[in-house]
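Dock chain B against chain H, hints included.
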Amino acid sequence: MLSLFRIRGHSMEPKLKDGSFLIALTIPPLLSKPKVGDTVLFRDGKKKIVKKVKKIEGEKYFVEGENFSDSKKYPPIDSEKILGKVIRII
Amino acid sequence: MHVLNFLLDKIPHQEIFAHCDIPCGIYDPHNAQMAAHTVMRMTQMIKEVSASSKEPPFEERKKIISQLSRLTHVKEEHGHLVEDELGTLQNDYFKEEHYKEFPTLKELLEKGVKLSIKARQNIDMEVCNELVETTLQIAEIFYKTKGVTPIRVKSVYPTEGQIVVPASPAAMRGEYK
Chain H
1252 MLSLFRIRGH SMEPKLKDGS FLIALTIPPL LSKPKVGDTV LFRDGKKKIV
1302 KKVKKIEGEK YFVEGENFSD SKKYPPIDSE KILGKVIRII
Chain B
0 MHVLNFLLDK IPHQEIFAHC DIPCGIYDPH NAQMAAHTVM RMTQMIKEVS
50 ASSKEPPFEE RKKIISQLSR LTHVKEEHGH LVEDELGTLQ NDYFKEEHYK
100 EFPTLKELLE KGVKLSIKAR QNIDMEVCNE LVETTLQIAE IFYKTKGVTP
150 IRVKSVYPTE GQIVVPASPA AMRGEYK
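Protein chains in written order, with my numbering: chain H, 1252 to 1341; chain B, 0 to 176.
Chain H on its own, in the form it takes in the complex:
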């Protein structure tokens, strides 16, 4: 399923700018497994976060921002928390 998202924040700049839009494929990772380098959406508490996949170990996804000076270090993300991946930046 395709969904439209508006980005808030700077941690993915310059690739994804604050206020810009993206289209994401929001289907379970089992059906479309993200690869290293993909930009993924995942759930962190009540928030939905966008980051790039740096490494995958089994069902754990290691993610990071594009803008290292402005990006929180996230612990590995369980695959079940992955909501989808970015397929188009507008």
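No lab work stands behind these hints: they were computed from the structure.
From the three backbone atoms N, C-alpha and C, an ideal C-beta is built for every residue, glycine too.
Treat the hints with care, as some may be off.
Distance windows between CB atoms, simulated [claimed, not checked]: (1) H:Lys1306 / B:Asp123: 50 to 58 angstroms; (2) H:Arg1294 / B:Leu3: 51 to 59 angstroms; (3) H:Arg1339 / B:Glu96: 38 to 46 angstroms; (4) H:Arg1339 / B:Ile116: 40 to 48 angstroms; (5) B:Ala166 / H:Glu1310: 47 to 55 angstroms; (6) H:Ser1254 / B:Pro56: 25 to 33 angstroms; (7) H:Lys1311 / B:Ile116: 36 to 44 angstroms; (8) H:Arg1339 / B:Val155: 43 to 51 angstroms; (9) H:Arg1294 / B:Ala166: 34 to 42 angstroms; (10) H:Ser1283 / B:Glu95: 31 to 39 angstroms.
Once the Cα atoms are required to be at most 25 angstroms apart in a straight line, the calculated DSS-like pairs of lysine-lysine come out as [as the list claims (entries may be wrong)]: (11) H:Lys1286 / H:Lys1305; (12) H:Lys1299 / H:Lys1284; (13) H:Lys1268 / B:Lys9; (14) B:Lys110 / H:Lys1297.
Same frame as chain H, now just chain B:
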């Protein structure tokens, strides 16, 4: 690109966060209040635009359209700013204990966003007043969570009205500038 984003914003979408997650601790409700006052000012100015007659000359029409476009553009921008600033407070600053201590907080934050949308969709001073009042109430709660007494002072903006500032001896004497 700006126009495209403007149009995309009209399509139902969700927000995804790529925000600065560094716990810098620098939060301030002032920007939301100022942006709400700006939305109000733009609404006032839109209301003040008038034509010399029912059928003004073409040149005057162009000027009016241009003026309204600029005012609306700024109103849109600052409406978004209200949402962004409230979003930052909601997502990054306010914690569970704040929501427990101030049971109206969640509702106020949601109301602020809804009013910001309504203020952009309409030319309605009542909605703008309500928007400013909501940002003031959120600012009061913010300062209370910081252990500072909030105080309402007369704004120095053309919108008049008030803003909430942390109490200081000067503010208590009504000398805030």
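Results of checking the hints against the structure:
| no. | hint | result |
| --- | --- | --- |
| 1 | H:Lys1306 / B:Asp123: 50 to 58 angstroms | holds (52 angstroms) |
| 2 | H:Arg1294 / B:Leu3: 51 to 59 angstroms | violated (28 angstroms) |
| 3 | H:Arg1339 / B:Glu96: 38 to 46 angstroms | holds (40 angstroms) |
| 4 | H:Arg1339 / B:Ile116: 40 to 48 angstroms | violated (26 angstroms) |
| 5 | B:Ala166 / H:Glu1310: 47 to 55 angstroms | holds (53 angstroms) |
| 6 | H:Ser1254 / B:Pro56: 25 to 33 angstroms | violated (48 angstroms) |
| 7 | H:Lys1311 / B:Ile116: 36 to 44 angstroms | holds (39 angstroms) |
| 8 | H:Arg1339 / B:Val155: 43 to 51 angstroms | holds (46 angstroms) |
| 9 | H:Arg1294 / B:Ala166: 34 to 42 angstroms | holds (40 angstroms) |
| 10 | H:Ser1283 / B:Glu95: 31 to 39 angstroms | holds (35 angstroms) |
| 11 | H:Lys1286 / H:Lys1305 | holds (9 angstroms) |
| 12 | H:Lys1299 / H:Lys1284 | holds (18 angstroms) |
| 13 | H:Lys1268 / B:Lys9 | holds (19 angstroms) |
| 14 | B:Lys110 / H:Lys1297 | holds (19 angstroms) |
This entry does not satisfy hints 2, 4, 6, going by the numbered hints stated previously.
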